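Undergrad: Given only the sequences and the hints, what does the whole structure look like? Please build it.
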Amino acid sequence: MMIPIQDFLLLGALRFGLGVIGVILRRNVLIVLMSIELMLNAANLTLVAFGRARHDPHAHAFAFLVMAVAAAEAAVGLAIVVGIFRNRRSVNLDELTLMKH
Amino acid sequence: MLLLQPAVQARLVDVSELSTFSGARIAFWIIAAIVLLGALATITRKNPIAAVMSLVATFFGLAATYALLSAHFLAALQVLVYAGAIMVLFIFVVMVLNRDEVEPIAVRGAFTKAVGVAAVGYLVVKLGYQLSTVLAPMPGPPPPEFGTVAQVGNILFTDYLFAFEMVSVLLLIAVIAAVVVARAHKREESPEEPQT
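As given, the protein sequences belong to chains R and L, one line each in that order.
52 is the number that numbering that gives the first Met the number 0 gives to position 53 of the first sequence; each next residue is one higher, with no gaps.
141 is the number that numbering that gives the first Met the number 0 gives to position 142 of the second sequence; each next residue is one higher, with no gaps.
Mixed in with the good hints, there may be bad ones.
Residues from chain L that face chain R, not an exhaustive set, calculated with beta carbons under 8 Å [as the list claims (entries may be wrong)]:
1) ILE90
2) VAL95
3) VAL180
Worth flagging that the hints you see were computed from the coordinates, not collected in a lab.
Bear in mind the structure is a predicted one, so any value in this text is a computation, not a measurement.
Glycine included, every Cβ here is placed at the ideal spot set by N, Cα and C.
TA: Here it is, written out as structure tokens:
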């Protein structure tokens, strides 16, 4: 009954990588927000894995706070998406170039 | 759950033991496969609803991973907050703005994106290689109260009391901001002419 901590860290790294690739490649704002959630989750997993390795429950408290911030971020992010959609009728990031120049 | 067994004397695992595949490790990689395939489906699906559903699968897989790490409180919270609250929010917004993408992965700026993806791939491969070579010994089973609601709550309400209270303020501000930003304004431009 031993799962090496490296397995958890590797899983976190792979998940974070998938999140970054999602942010880079996808043009739908909703998918980009989901990829950001993926990355936050991967960071949380890494925190908890190190907490388990060091028998340190402070990591759990920290992960809890990260979850709360992620929830706030999702709420505000989705509200902004709805607001943009109201004005521009689009959720495509490439079309949102108003502040580019 | 086996991890709940009372603490036995902490021991350092022999490095050679880590290369063997125990039943627990196979179970972990099955869960990890669910997590990774779900994440892959999330960033590749054309239909946003399918992406959200894959994301729910990954969140449940991650909750199982937390349970394997003896983080029982966080495992419950993961299901409640992510698979419950945040996903409902996402599904609502997807339903409101549901339209399939014509071109899910843009061709514009393909070179920059290829460089970005290659950098991420290099980072992950390098990290995996380092993790496979530098083996930190893993301590034995944690104490039985590790990761329970009582223990984490105790820490949250003593060491992190200020941060905990600030989180409630942050959530209040986020709720007000979400209402203000997403609310229908009185003077609304017609969709044909986007404002300047």
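Undergrad: Of all the hints given earlier, name the ones this structure violates by number, lowest first.
TA: 1
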